[in-house]
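Asker: In case you want the letters, here they are:
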Amino acid sequence: MDRLSSTSDFHAWHKQLMAELDNNIPLVMLCGGIGCKAMGSEDVHRAFVQAIDKLGLGDKVQLKLTGCHGFCEKGPVVVVLPDKFFYPGVKPENVEDILQQTVIGGKPIEDLQYIDPASGNKITYEQDVPFYAGQQRNVFRNNGKIDPVEIADYVQHEGYSAFVKVLQAHSPEEVVKIVTDSGLRGRGGGGFPTGLKWNFCRQTPSDQKYLICNADEGDPGAFMDRSILEGTPHAVLEGMLIAGYAIGAECGFIYVRTEYPLAVSNTKAALECVRQKGLLGENILGSGFSFEIEIREGAGAFVCGEETALIASIEGHRGMPKPRPPFPAVKGYMGKPTNINNVETFANIPLIMLKGSEWYNAIGTEKSKGTKIFALAGKVKNTGLVEVPMGITLREIIYDIGGGILDDREFKAAQLGGPSGGCIPAEHLDSEIDYDNVQQIGAIMGSGGLIVMDEDTCMVDVARYFLEFVQSESCGKCTPCRVGTKKMLQILQDICGGRAELKALDQLDQLAGNIKKGALCGLGQTAPNPVMSTLRHFHKEYTEHIEERKCSAGVCRELIGYSIDAVKCVGCGACLKACPSGAITGERKEPHVIDKVVCTKCGICNSVCKFDAVDVR
Amino acid sequence: MSKDSVKDSAVDMELLGEILSAFGQVDSNDLIPILQKIQDSYGYLPRIVLMEFSKRTAIPASRIYGVATFYEQFHLEPHGRHTVRCCRGTACHVKGAVGIAEAIEKSLGIKDGETSKDMQFTFETVACLGTCALAPVMMVNGTYHGKMTPNHIQTIIESLKSSQGEG
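Going down the list, the sequences are from chains A and B. Note that the numbering used here has the first sequence beginning at 1, numbered continuously upward. Note that the numbering used here has the second sequence beginning at 618, numbered continuously upward.
There could be a bad hint or two in this list.
Computed list of lysine to aspartate or glutamate pairs in EDC-like fashion (alpha-carbon distance at most 16 Å, straight line) [as the list claims (entries may be wrong)]:
(1) A:Lys-336 with A:Glu-250
(2) A:Lys-577 with B:Glu-775
(3) B:Lys-654 with A:Glu-297
Derived DEER-like restraints, expressed as beta-carbon distance ranges [as the list claims (entries may be wrong)]:
(4) B:Val-628 with A:Lys-60: 36 to 46 Å
(5) A:Gly-391 with B:Asp-735: 38 to 48 Å
(6) B:Gly-730 with A:Ser-171: 52 to 62 Å
(7) B:Asp-625 with A:Glu-587: 52 to 62 Å
(8) B:Ser-733 with A:Arg-588: 27 to 37 Å
(9) B:Tyr-661 with A:Arg-141: 39 to 49 Å
(10) A:Arg-141 with B:Asn-768: 35 to 45 Å
(11) A:Arg-536 with B:Met-736: 31 to 41 Å
(12) B:Thr-700 with A:Val-483: 26 to 36 Å
(13) A:Gly-288 with B:Gly-641: 20 to 30 Å
(14) A:Ser-206 with B:Asp-625: 38 to 48 Å
(15) B:Ala-675 with A:Ser-206: 27 to 37 Å
Please keep in mind that the hints were generated in silico from the structure rather than gathered at the bench. The beta carbon of each residue, even a glycine, is placed where N, CA and C say it ideally should be.
This is chain A alone, in the form it adopts within the complex (with noise of 0.2 Å):
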């Protein structure tokens, strides 16, 4: 069926979409995902082609490219429906075998079954492997799933049903109830109701109001956004539809990072497959309702994260932030009405309009609801996203699904929002994570994005890192941000070097305090959040800097030295060849010995070493 123009036709598409679904064909889903394609999931694709064809398969097995299944540490993921036999690490030389033993002959392979690193045990089904067991997945319940652009597929999961529901039954004002009642927060940062937003945005009389989904998903550490706009582009679509029926916008923009350029690609061709299937553009499906959505790709300024500041990247300026109020629901791009929400905020709406405010309300806590994505990422076994509901607690995510931490070392923190987050200590392992009960501990929400760090992280030098990060995306127009993150680097950077006395922790509390109030926008007032919440759960670890000028993690540099022990060194060369340096000497089976002048302290030596002879002190 060409050109959409009535909902009945719609319906009659989608009745005949479900007539052609056969689902005892057995079904390869590959994961295509950035995170798979950098370990070859490409190659595992054409493997797939040509085996297929070479024995014939063509009209007994499906094959599908999908987007990120989400366990991204255990890439190339292939799974095989309709039983969801699992199989981690795939190489070109196993297809014909998955395609021989377990599609056609319906058996598992053993010698490529997940091993469960704290059972020991092979698994065969995906829903069996601890680290999607412990998940609920909702928003991502289609990516790994379905083609990611294809319209047909998504439509055949339930995919834009919503907007047609929303067309035929609701008014924008129901629209808006709906989602207040949903109680769901926007997944960008800072948690603010989504329904509330809609609603200022509806309520501002107007002549034209437009609609923005924030893709500039720039948190260090965060990458759901990217996940969901390169899996199932067409549930970001389908939500940004019905948010501007909602609020009664024509034109809506993706400002999508030009770092993603496989979100960029998908989201293109799925907006593509949408305008000519007539579900966007004029009067869509005789409705009355006219959208229009254009992509622009950010061009590499973390500030643009903030509503202000994209708004002012859309107009072709620098991204640089405006005082608010007034707030962008009243003044927004070209000085209109705008609504911006975040790329998982527009993708949890088709399931709200479809399932009901009730259904959505129950999942989470009671003022945090639905599901939300974690990028689980750092010192942990199992990486990749996770979603689960809220109110889950930290140890569930990082032992039961994340599998615990690499190397069975001690957990230290887990690092969660970013540059505006904190960091979570070991005693609060056992909170439950919702927006209020994380602020509380001292870090925020954010993007979600989620770093375990172990013994061997220095929470002083974390503190760092983030200063350096946020003072060099400082856009610089206000002071309290462009000096003040500045002069607080400064005095990290004298603390993890052993040049600092104690009245500098003082003055970071002093600095940190007027940032906060002094800022002009969200970058700048929650610029010192990482250093106050490492100040506040990791004390010891900066007095030791300072007064004993020690870094027990063995991070800080300037406090650290390396040198080779020479019983347990073999002379095996290795870490002469990766010194970045030339700082170490020695002769073939002979021990080696690092020249303490020239050595950098890159640490380099000591990952390479097998025999465990780089002493750090």
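Following the hints, put chain B in place on chain A, whose structure we already have.
Answerer: Just chain B now, kept in the frame of chain A:
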């Protein structure tokens, strides 16, 4: 003849014309997408092209330069044939990105932000590549390389160097 004018004479102004006509009536709202197209076509933002862009559209050169120097994506000097990026996001940082960047600098013989004299390599560190699950991460000409070690880096960069002159 100054160094600049040698470069300038080699710049093909027709590319700019094609870009601008594709945008039709140019609006200052389109400034960033246009600069992105210019950089795609020329490989960087040549000064003479930006001046001509300003002249043809009446967007002040100061505004164009303000935007071009504000965003990380834009560069006013040509890049090398291969662009090597090292992620310094949080996950990469706690997994040793500092050492990875140093290993890249050692292999290439250039520092962060520099281009090699033979115009073969440019090295940049970037805030976050969004592939934190594979930390530490390096990107070469748009291709991701995850779980990097100094040894991996040497192998990858040596293979790029040996492909010089080909293709």
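Asker: Evaluate each hint against the coordinates.
Answerer: Results for each hint:
1. Restraint check: the Cα-Cα separation between A:Lys-336 and A:Glu-250 comes to about 12 Å, which is no more than 16 Å; the hinted pair holds.
2. Note on A:Lys-577 and B:Glu-775: the hinted pairing holds, with a Cα-Cα distance of about 14 Å set against a maximum of 16 Å.
3. Restraint check for B:Lys-654 and A:Glu-297: the C-alpha separation of about 11 Å stays at or below 16 Å, so the hint holds.
4. One distance hint, 36 to 46 Å for the beta-carbon pair B:Val-628 and A:Lys-60, is violated here, with the actual separation near 57 Å.
5. Here the CB-CB span from A:Gly-391 to B:Asp-735 is close to 57 Å, at odds with the stated 38 to 48 Å.
6. The beta-carbon spacing between B:Gly-730 and A:Ser-171, approximately 55 Å, falls within the hinted interval of 52 to 62 Å.
7. B:Asp-625 and A:Glu-587 have their C-beta atoms about 56 Å apart, which keeps the hinted 52 to 62 Å range intact.
8. Restraint check, B:Ser-733 to A:Arg-588: a C-beta distance of roughly 32 Å satisfies the suggested window 27 to 37 Å.
9. The hinted window of 39 to 49 Å between B:Tyr-661 and A:Arg-141 holds, with their beta carbons roughly 43 Å apart.
10. A:Arg-141 and B:Asn-768 have their C-beta atoms about 40 Å apart, which keeps the hinted 35 to 45 Å range intact.
11. The beta-carbon spacing between A:Arg-536 and B:Met-736, approximately 50 Å, falls outside the hinted interval of 31 to 41 Å.
12. With their beta carbons about 33 Å apart, B:Thr-700 and A:Val-483 fall inside the hinted range of 26 to 36 Å.
13. Taking 20 to 30 Å as the suggested C-beta distance range, the pair A:Gly-288 and B:Gly-641 conforms, at roughly 29 Å.
14. Checked against the hint of 38 to 48 Å, the C-beta distance between A:Ser-206 and B:Asp-625 comes to roughly 47 Å, which is consistent with it.
15. Between B:Ala-675 and A:Ser-206 the beta carbons are some 29 Å apart, a value that agrees with the proposed interval 27 to 37 Å.
In terms of the numbered hints stated before, the structure departs from hints 4, 5, 11, listed from lowest to highest.
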